[in-house]
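K.L.:
Take a look at the letters that make up each chain.
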Amino acid sequence: MSPILFYLFAAMTLVFAVAVVANRNPVASALSLVVSFLGLAALFVGLDAYFIAVIQVLVYAGAVMVLFLFIIMLLNIQAEERRKINVPAYAAGGLVTVAFIAQLWFVLQKFELGKTAFAPLAEKHVDDVRNVGNTLFSTHNLPFQVIGVLILVATIGVVVLSKRELK
Amino acid sequence: MTLTLNHYLFVSGLLFAIGFAGVMLRRNIIIIFMCLELMLNAANLSLVAFSRFNLVNGLPNYNAQVLVFFIITVAAAEVAVGLAIIVALFRARQTTHVEDINSLKF
Chain B
10 MSPILFYLFA AMTLVFAVAV VANRNPVASA LSLVVSFLGL AALFVGLDAY
60 FIAVIQVLVY AGAVMVLFLF IIMLLNIQAE ERRKINVPAY AAGGLVTVAF
110 IAQLWFVLQK FELGKTAFAP LAEKHVDDVR NVGNTLFSTH NLPFQVIGVL
160 ILVATIGVVV LSKRELK
Chain A
6 MTLTLNHYLF VSGLLFAIGF AGVMLRRNII IIFMCLELML NAANLSLVAF
56 SRFNLVNGLP NYNAQVLVFF IITVAAAEVA VGLAIIVALF RARQTTHVED
106 INSLKF
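Chains as they are written, first to last, in the working numbering: chain B, 10 to 176; chain A, 6 to 111.
For reference, chain A alone in the conformation it holds in the complex:
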């Protein structure tokens, strides 16, 4: 029994599905934010797996790892901005429950 690319892709897909389920099912905006991070990390896992699978001159394809580096950087910036927005929202409404935030709802 050897490890194949499909093993990693399946784990990555499951992680994405868990994150997606969290975004759909949970109503706390901070938990939704954590689940977004899970989905980004699932994409990272499949990128690294493909990088290791498609060898270039016997070395991993480092372009994919540079892309993962960029994704991690953007995700960190996104977390900072998102949490600042959540704090501003909490100051205005005293809630983190998404169903209480419905001013724009038609």
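In isolation and in its complexed conformation, chain B is listed as follows:
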């Protein structure tokens, strides 16, 4: 991936992630989240992870976002009114975030291995989906089936939670 494209898509991801946090209107936040995920999918393509990029767009930008927008519109949430700001909570949250970014910066300064460039792949075009599928169904077959059970449990849980009266 050329550095210009990397900076473009990284900036897109981060700017719209900030927009998710900063917007007062939940619908605008949800749409910013879609754009942020699309930028992230482009970064995945730059890392030769085509399958993950496609899954990212399908699952997040497709399914999860529709679910978020549906719930926001179902509950009819307006832009939240301004309330009295809880100053200690805001100060603590901002402080921890700034401390985290500073720590990240200093740790990455000392991480010498990470300063080497990415080695080129053996082939120009990797058979990405087949390789991920092979790994998924051979090495990680049991976790894959456990995930299937998890999704079944989640589906049943959602149906039970969404019933009108819980008795």
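Please note that a few of the clues may not be correct.
[Claimed, not checked] Residues on chain A that point at chain B, a partial pick, calculated with CB under 8 angstroms: (1) His12; (2) Ala48; (3) Leu50; (4) Phe75; (5) Ala89; (6) Phe111.
Source of the hints: derived by calculation from the structure; they are not laboratory data.
Quick reminder that beta carbons are idealized off the backbone N, C-alpha and C, glycines included.
With chain B's structure known, arrange chain A on it following the hints.
P.N.:
Below, chain A without anything else, positioned relative to chain B:
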């Protein structure tokens, strides 16, 4: 100027920090939920970057990408269950503001 692993790790860390700030600063439970998704995606980005960096026989390490696949699956299930809980909560309390939900507060 070439791209290094640290570039991706820094973007991933910043994305995580933004999501974390959202969880700490916002009071709307749906926005908090979106910020959780941001944090999960930041972890995915660093996993994919490490997968591409640690080549196995000239190919990316696909174990990491399978882990990302699992994370995306679990996150999708989590969103479905979480939003169902939010809907049930909204039916009981008519609010999505976390400071109005304080029955368990000591």
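K.L.:
For this structure, which hints from the list above don't hold up?
P.N.:
2, 6
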